[in-house]
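Join the two chains, each given in its own frame, into one complex according to the hints.
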Amino acid sequence: MNHLALRSSFLLLAAAALLPFARAEEKVPLKLQLPKPMFVGTPVPVKLPNLETPRASGRRPDFMVPKGVVNLALNKTVTSSDMEPVLGDLAQITDGEKAGDEGNYVEFGKGKQWVQVDLGAASPIYAIVVWHYHSQARVYKAVVAQLSDDPDFIKDVVTVYNNDDRNVNGLGEGKDPTYIETNEGRIIDAKGTKARYVRLYSNGNTTSDMNHYIEVEVWGLPAQ
Amino acid sequence: MSSPLPANEPAGLDRRAFLKTVSAAGLGLALTRATPAWAQAKADGSVSPNSILNIALVGVGAQGRVLMDAVLKIPTVRIVAVCDIWEYARTYGQRYLKKSGFEVRAYENHHDMLAKEKDIQAVLVATPDFWHAPVTNDCLRAGLHVYCEKMMSNTIEGARSMVKTMRETGKLLQIGHQRRSNPRYLVARDRLIRDAKLLGRITAANAQWNRAASDDLGWPNRAAMSKALLEKYGFEDMHQFRNWRWYKKYGGGPLSDLGAHQIDIFNWFFDTTPTTVIGNGGRDYYPNHEWMDNAMVIYEYHLPEGVARAFYQVQTTTSAGGGYYEQFMGVNGTLKMSENPKYTSIFREAAAPAWDEWIRRHWLAAPTAPASAADTTEASSEKVDARETAELASYRLPVVLNKAIHQPHLENFFNAIRGTAKLNCPADEAFKSEMTVFKAIEAVEKKTLITCTPEDFAV
Chain W
1 MNHLALRSSF LLLAAAALLP FARAEEKVPL KLQLPKPMFV GTPVPVKLPN LETPRASGRR
61 PDFMVPKGVV NLALNKTVTS SDMEPVLGDL AQITDGEKAG DEGNYVEFGK GKQWVQVDLG
121 AASPIYAIVV WHYHSQARVY KAVVAQLSDD PDFIKDVVTV YNNDDRNVNG LGEGKDPTYI
181 ETNEGRIIDA KGTKARYVRL YSNGNTTSDM NHYIEVEVWG LPAQ
Chain F
1 MSSPLPANEP AGLDRRAFLK TVSAAGLGLA LTRATPAWAQ AKADGSVSPN SILNIALVGV
61 GAQGRVLMDA VLKIPTVRIV AVCDIWEYAR TYGQRYLKKS GFEVRAYENH HDMLAKEKDI
121 QAVLVATPDF WHAPVTNDCL RAGLHVYCEK MMSNTIEGAR SMVKTMRETG KLLQIGHQRR
181 SNPRYLVARD RLIRDAKLLG RITAANAQWN RAASDDLGWP NRAAMSKALL EKYGFEDMHQ
241 FRNWRWYKKY GGGPLSDLGA HQIDIFNWFF DTTPTTVIGN GGRDYYPNHE WMDNAMVIYE
301 YHLPEGVARA FYQVQTTTSA GGGYYEQFMG VNGTLKMSEN PKYTSIFREA AAPAWDEWIR
361 RHWLAAPTAP ASAADTTEAS SEKVDARETA ELASYRLPVV LNKAIHQPHL ENFFNAIRGT
421 AKLNCPADEA FKSEMTVFKA IEAVEKKTLI TCTPEDFAV
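One line per chain: the protein sequences are W and F, in this order.
Residue numbers 1 to 224, in this note's numbering, belong to the letters of the first sequence in order.
Residue numbers 1 to 459, in this note's numbering, belong to the letters of the second sequence in order.
For reference, chain F alone in the conformation it holds in the complex (with noise of 0.2 angstroms):
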């Protein structure tokens, strides 16, 4: 897997060189904000016509509607055709992409888009997770690159097949692990695990992703699909296809939906796979659904330096406990990752070497102080105990991520597609992590402990 950073930065490379590597690397050109972006960059001739990709969206719902967001803020990419099952969902999509200046074409399915679009060189998959398998490896065939969202499927045999068109076909296949292009991860994983080795060695690790409980998603009468035209895209009615994440003909619960992007961030710091997986959930709040609405599950990895153990929950019935994010632990200090900034902190420990060098070099910036060495009035009855270890100083990753979240991996899949770049998750990796989900709810289910053979991972 390629990494845009360089393994050893000489001393002293100051933050605004190190982004600029970043960028360069791994993010491609300079962006312009412009409507549409394609057009600005064509007329100002900063980008070569011949270097604009024209591509295809199929699924225009709520991820798609990210996707598409990410990509009106890239230059080099025009998008001339979208594709849904639902009219509602794609008018959506064409009249949306009609006010950022896109005339597109609009398709009831895959099938009829590729019979009459001649002139597209890469799709985006962003349909419910059952049809990601069928639609990508179509679109392989026919000879197009492919962006699809994670999970790659609902099966293990669907993924697995999506893998062997990606080689038979020799066309990109990136999964939407957007996490893995992100320069804010790259550099902690990057850096601040791996070069400056800040953690020590790392024992234990932790994630969540907790959400409000909600109501199931309704859709407007006027514009609800026939049975007949539900059961020929395969869905029992409109409130499963509303719902599709519930239920497990089409989707594969939370575990799927929210855990795939932490779970695969285990795998990708760790840079190996777990060996075993013990888990506990259930569908316990939401009686008109099949999925388990909450789980936890612990892994267990062997490191080259020992064990290390990593607890994952997914709540979807509370939205307390910190929001999301990846916390790995180690001897002398702790990583705790977010996509939002808010959350990101490293925390070092009191008898940790000190960090004084990775600020000076800025790869971490200055601490703050713990709350309680500024709090002088805490009452002696407050403290727990005298054994209790001091409050750890909190240092902040000083790398800012100033684009839509998703927009660096679909820029990296556009640069790969010009042989200027490497995917960052290409399908073959990406495989890991969704069977170490799969694993994940086997765990759950059958409520005992699971193993992972190497076997159990490759294609």
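Excised from the complex, chain W in its bound form (with noise of 0.2 angstroms):
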């Protein structure tokens, strides 16, 4: 084999050993199956400082993602700080129905609660979508996202969301925005942050001190 020959050997081999990178690199737009908007009652006009202005009209503008993400909390464990719901099951939060109705939503004690989705193994996640509630024009209140490889979530933890403003969470005081349920859940960038666990946080919302969960979904792709 000359040097030539060598040369673009090697070359070669490098390519192919970039190709996964390359793969992960191409982004497209997160697809999502959203339920049925569920709007019900009177607009009732919510005030909190840090709400953001909901989107006058149109769709959402597109979330990019690594080409080849999956849902990885479908059917995954589901852990809470509280064991016991008023209404339903935690087993309900990752299997992928996400209809705002009666009866598909869990309901949690009041003030500080957090749910835990169990991926099974630590992977890439790049978007976290969670549905609390969408079937009135609610905000939960002190929305903190966190990742980790620790399932009690003491060490190496990811804060990727926080709207704390507050801090009443003891977490740390958060400078992203509250936002207006919908049916089409909020999207949350997690950055192709690796992590097993996701946990969320919320304490209460604008109709009472409850919290919900229809549905999360954690976007990544699946651990090598």
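Just so you know, these hints were derived from the structure itself, not from any lab.
One or more hints might be untrue.
[Unchecked claim] What follows is a set of in silico ranges between Cβ atoms, one per label pair, in the way DEER data are often shown:
1. W/Gly-172 to F/Ile-405: 26 to 36 angstroms
2. W/Ala-56 to F/Asn-402: 25 to 35 angstroms
3. W/Ala-56 to F/Asp-215: 20 to 30 angstroms
4. W/Arg-59 to F/Pro-220: 26 to 36 angstroms
5. W/Asp-150 to F/Gly-419: 56 to 66 angstroms
6. F/Pro-341 to W/Gly-68: 44 to 54 angstroms
7. W/Glu-84 to F/Pro-454: 49 to 59 angstroms
8. W/Glu-97 to F/Glu-300: 47 to 57 angstroms
9. W/Arg-59 to F/Glu-290: 31 to 41 angstroms
10. W/Glu-97 to F/Ile-405: 28 to 38 angstroms
11. F/Glu-108 to W/Gly-172: 39 to 49 angstroms
12. F/Pro-353 to W/Asp-189: 51 to 61 angstroms
13. F/Gly-419 to W/Ser-81: 38 to 48 angstroms
Positions of the beta carbon are idealized from the N, C-alpha and C atoms, including for glycine.
Here it is in structure tokens:
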């Protein structure tokens, strides 16, 4: 093999080695299956200091994720700070059902509560999508999303969303906006953070002190 | 009817003193946020153990949950039992209350509850309307005081029977027109309209409640009731059970569900009942419902100062038009009221006598400048008519209700049981509004002018 051939082989090998990364960098819009809109009741103006202005019209801008991401949370185990919900059971949070009507949400106790999804293995995570409750125009307070490989969330915790502007959860003051719940769910950018566990906090909502979840999706690349 | 507001406050009563007056006279004891509130109050000695009332909740649906939440904030009341024919709902009530520190017993129906619960003093009734009269009458006859949600009944006969049972038993029957205990409404009615006569002669009123179109309510299949259980309690099927408000057998439709609150405000603020009503409306959007989905009615009231007409509309297919409010229009000003303070304003006509005195007394908060006064860039082409009246200055109501909106009305009920207050909406008073709503429904269904006589409103 001459020098030129050796050089060509080396370049081919290098290109082949980089291929997975090149694929990972290929971005596509995140495709979500959205439930039917369900607002009922009289619209009530919601006033919070860090409330983002709802989008006036049109569809939500595309959220770009690497090609090949899947919902890693589907049918995975959920635990919670409140293991005896008022309504529903924890498995509903990752069962893929996102309809907003009675019976499809899990209601947890008052104040600070969390739910946690065990993905089974550490994986790069690009988006967390959460539907708290979307049959009323509510805002859930002190929403925090964290990732970790520690099931107790003591070590190596990465916070990817925090709108707790008064630090009522005690996890640090957050700068992210609060938002009105809709059938679109909330997409949280997890920035490719590799983790096995996803934990979501909330601390009541603008209608009651209770906490609710309909569905949590965690979009990432399956663990190698 | 009792009013917590003194008729004539000394000049210069400041807002804090005024609110203190409202609180002391109408709203009962100072509240502390605790869970459970009654246990905290008992432990710290702020409430005598003898003054704690044991109550039960019959009906743990959407409205029952609202009442439950409000009761949890009242330290002198303890929920000891819940009752609902739907296991899903009563389990919800039991678990919800457990998280708030209440170990409650759950029953399928009120007969079982009355047979076994011997240490309750009062019952809150939040069932579908057609169960209001039977449950209320049974509870009154069992020696209990009752707080029943409006409408009193889906029939005039049912509502009349409730008034009669209240009188026969001597027990208290409060109807859930909660605005009648809201200090913001009390100030607006008693102070601004009656005492200060801010609006001058009132010639018109209008009110509305508009809600967006929505799908019928569903239910979790795993929690569906059997046909036999549904029929035992008068329901055709799960769909009608979950959507009872749209069916004539169970409820009164939007004029009753939403309109009753606001039509009651017409009667209460005008302090009389209407003489006629004309209306139109229909079931134009939801083909599977029995009740109309929209209605527009006009009442005529004969006030001591002259005739006033009151327009009411309810829409269940659009949320446009400014939500829900009640508006009273006089020659000197207009009061726009709502349970939501954001929808509340008092507008002064440009030629009206000055309102400075009322601002000085803190009966009103200073006006905000009309938008057009601040906007000097308005193009002349946008001016519509040289005779157009100037935009009115908007004053604010300087009273805040920092509680759940049903809480003051429940507190009034509990204080009346203790003998420290009079009911703000006893059944015989509520019956007048009940009949006023039934007259509107009749006007819409017949599409004709309906006459109301004083005898219609008497029991």
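Cβ distance range 44 to 54 angstroms for F/Pro-341 and W/Gly-68, holds or violated: For W/Gly-68 against F/Pro-341, whose Cβ atoms are near 51 angstroms apart, the range 44 to 54 angstroms holds.
With 49 to 59 angstroms as the target window, see if W/Glu-84 and F/Pro-454 comply at their CB atoms. Holds, since W/Glu-84 and F/Pro-454 (Cβ atoms, about 56 angstroms apart) stay within the stated range.
Distance restraint hint 26 to 36 angstroms, applied to the beta-carbon atoms of W/Arg-59 and F/Pro-220: Given about 30 angstroms between the Cβ atoms, the range holds.
For the hint 25 to 35 angstroms, verify it against the beta carbon of W/Ala-56 and that of F/Asn-402. Between W/Ala-56 and F/Asn-402, where Cβ atoms are some 32 angstroms apart, the hint holds.
Is the gap between the beta carbons of W/Ala-56 and F/Asp-215 within 20 to 30 angstroms? With a Cβ separation near 24 angstroms, W/Ala-56 and F/Asp-215 satisfy 20 to 30 angstroms, so the hint holds.
Taking 51 to 61 angstroms as the hint, is the beta-carbon distance of F/Pro-353 and W/Asp-189 inside that range? 59 angstroms, holds
Is the gap between the beta carbons of F/Gly-419 and W/Ser-81 within 38 to 48 angstroms? Since the Cβ atoms of F/Gly-419 and W/Ser-81 sit about 44 angstroms apart, the hinted range of 38 to 48 angstroms holds.
Looking only at beta-carbon atoms, does the pair W/Glu-97, F/Glu-300 fall within the given range of 47 to 57 angstroms? 52 angstroms, holds
Looking only at beta-carbon atoms, does the pair F/Glu-108, W/Gly-172 fall within the given range of 39 to 49 angstroms? About 48 angstroms separates the Cβ atoms of F/Glu-108 and W/Gly-172, which means 39 to 49 angstroms holds.
That 56 to 66 angstroms hint for W/Asp-150 and F/Gly-419 (C-beta), does it hold up? 59 angstroms, holds
Look at the Cβ atoms of W/Gly-172 and F/Ile-405 and judge whether their distance stays inside 26 to 36 angstroms. 34 angstroms, holds
Is it true that W/Arg-59 and F/Glu-290 lie within 31 to 41 angstroms of each other by Cβ? 37 angstroms, holds
Checked against the numbered hints given earlier, this structure breaks none of them.
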